[in-house]
Amino acid sequence: MGTTIAFYILAAVAVFAALGVIVQKNIFRVALSLIVCLIAVAGIFVLLSADFLAAAQILVYVGAISVVIILAIMLTRQFAHGSQPNRLGLPALFVSVVLFALLVFAILGTNWKQSIEQPIADTTPALAKQLLGSSGFILPLEISAVLILAVVVGAIVIAREK
Amino acid sequence: MTEFTWLHWLLFTVIILAFVIIMVMVFIYLERRLLARMQARLGPNRTGPFGLLQPVADAVKVLLKEDIIPDEADKLVYWLAPVVAFFPVLLVFAVIPFQNGGLLADLNIGFLFVMAVTSISTIGVFMAGWSSSNKYSLLGAMRNVAALVSYEIPLLLSTVGVIIISGSLSMQQIVAAQDIPFILTQPLGFLLFFIGGCAEINRSPFDLLEADSELVAGHHTEYSGMKFAMFYLVEYAEALALSAIITTVFLSGWRGPLLPPWLWFVLKIVAVFGLMIWTRATFPRVRIDQLMALAWKFLFPLSVINLLITAVEVLLLKDSYSWVLVPINLAIMSILILLWAKLFKLGWGKIEV
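First to last, the protein sequences are chains A and B. Quick note on our numbering: the first sequence kicks off at 1 and runs consecutively. Quick note on our numbering: the second sequence kicks off at 1001 and runs consecutively.
Just so you know, these hints were derived from the structure itself, not from any lab. Misleading hints may appear alongside valid ones.
Capping the alpha-carbon separation at 30 Å, the derived lysine-lysine pairs in DSS-like fashion look like this [what the hints assert, rightly or not]:
| # | chain 1 | residue 1 | chain 2 | residue 2 |
| --- | --- | --- | --- | --- |
| 1 | B | K1297 | B | K1342 |
| 2 | B | K1065 | B | K1075 |
| 3 | B | K1075 | A | K25 |
| 4 | B | K1297 | A | K25 |
If we take Cβ atoms under 7 Å as the criterion, some of the chain A residues that face chain B in the derived model are [what the hints assert, rightly or not]:
| # | residue |
| --- | --- |
| 5 | F52 |
| 6 | L53 |
| 7 | A55 |
| 8 | I69 |
Partial list, derived from the structure: chain B residues whose beta carbon lies under 8 Å from chain A [said to hold, decoys possible]:
| # | residue |
| --- | --- |
| 9 | V1077 |
| 10 | Y1078 |
| 11 | L1107 |
| 12 | N1108 |
| 13 | I1109 |
| 14 | I1123 |
| 15 | F1126 |
| 16 | M1127 |
| 17 | V1145 |
| 18 | L1275 |
| 19 | T1279 |
| 20 | V1326 |
| 21 | L1330 |
| 22 | M1333 |
| 23 | F1344 |
Glycine is no exception: its CB is placed at the ideal position from the N, C-alpha and C atoms.
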């Protein structure tokens, strides 16, 4: 009961914050709405007993990525007013409506499996075994680490003074 | 995990609020008096016995002042900024054990929770800096963000060693694992965490975000009255939170002989804060390039090396991780720091450090 109420509150906050991201004109407030949305999603993770994921979401997305986003938009021109609508409005509307329809179709059409097992109380060791254990996802993890390293090196090469 | 009841929740919320407010007042008094002592001044000594009532007088004064909001300010964001900055600091204390089992919530991701929550307060600072529509505020906030993004990495990495040894992220378990305080088995980790932490909460010598001579007062330049008091409170509450984290993670938290656990906890917190005051009185403020170089060229490589060494030690020794390693780790720390101090250069050695 309590979880259901909490879920609806968090979901409403997330949806309204997401609406705020696209509706507001002031780009700084847009970034703040995005942060609220990400925190609400982290709350939903907590309700799903994925506490590690929730903490990681806040640490990475709220603490680091959103801050970098704010820094990046501050380097753009007229960041306080946002970009004015241009002639790509109609194609953008078309693409987003199609995407939305596809998502709704896919979500409603899927037969979601429901587990009756109790969630694990201590998620951290289980997660570590899955990620780093011999039969787990160690290879994809390492590959993504190499990918990130390559991106960082690439960014340094581009940004370096000649 | 302790059973969650409303009474437990209510009790600890009240305890945490009272603890933070009272300790912040103690800290303000201690800082002013100790700093004065170290600079051969007297410090505030007229309000009450030994000037003990000075923080109260300060608080009353600042609450009675006029609350000014700039015309150009983004009102909503300006209002919310102090709250967003203060809220995460309070949340940290939810997982800090005051004594055995005496904490609001023994989360099994405790330490990660602390790190995640503290990263939110940057946004409060950034909101304040931006919404004041003042160039000093904005510059101060930008500096803070740049420093924070860099220092978060060594801060986290330096504690992974502790987490490997204790084998848990729960604060309660980390304290339970400290038969020998981790400051002895992880001296390098402690040093890196202390430096990184001081930079993260903008204590001097890393208080670039409010370098008075350059930026007036940084992100809270335009704030006055109650809202300024909030930022002042945040500053000391962050110092308190950092002291509490260091106490819990490196100084074996509430554990200690003879005295009651909560008293040990408070004493250790005050000792750590004393160390912060000492560094503040001793070192001059760093430049922004020095700040960045310190994070990336000094703290970051050392924390990675520390992590590697700790992992190897734990693998080799498994259960017998004990006093043997104290001198070894101290020696490793001294060698590494001496080596890095020799190698530390700015701008290919063209800029004076």
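Is the shortest C-beta separation between F1344 of chain B and chain A less than 8 Å?
20 Å, violated
Regarding the hint that M1333 of chain B lies at the interface with chain A, is the smallest CB-CB distance below 8 Å?
27 Å, violated
Interface hint compliance - V1326 of chain B to chain A, C-beta minimum distance less than 8 Å
At about 28 Å, which exceeds the 8 Å cut-off, the nearest Cβ of chain A leaves the hint on V1326 of chain B violated.
Return the status of the interface hint for I69 of chain A: holds when the least beta-carbon distance to chain B is below 7 Å, violated otherwise.
Because about 11 Å separates I69 of chain A from the closest Cβ in chain B, which is outside the 7 Å limit, the hint is violated.
Does the closest beta carbon of chain A sit nearer than 8 Å to the beta carbon of I1109 of chain B?
5 Å, holds
Would the hint on L1275 of chain B be counted as holding, given a Cβ-Cβ threshold of 8 Å to chain A?
26 Å, violated
Proposed interface contact between T1279 of chain B and chain A, which counts if any beta carbon pair is under 8 Å
Violated - the Cβ of T1279 of chain B stays beyond 8 Å from chain A, reaching only about 25 Å at its closest.
With a cut-off of 7 Å, does the beta carbon of F52 of chain A approach a beta carbon of chain B closely enough for the hint to hold?
With Cβ-Cβ at 5 Å, under 7 Å, it holds.
Restraint check, 8 Å cut-off on beta carbons, for N1108 of chain B near chain A:
5 Å, holds
Cut-off 7 Å, beta-carbon criterion: hint that L53 of chain A touches chain B
The hint is violated - L53 of chain A has no Cβ within 7 Å of chain B, the shortest such distance being about 10 Å.
Tell me if L1330 of chain B is really an interface residue toward chain A, meaning its C-beta lies closer than 8 Å to one of theirs.
Where the cut-off is 8 Å and the nearest Cβ of chain A is about 30 Å from L1330 of chain B, the hint is violated.
Quick one, is the V1145 of chain B hint okay against chain A at 8 Å, beta carbons?
Where the cut-off is 8 Å and the nearest Cβ of chain A is about 6 Å from V1145 of chain B, the hint holds.
Consistency with the previously given hints fails for numbers 4, 6, 8, 10, 18, 19, 20, 21, 22 and 23, ordered from lowest to highest.
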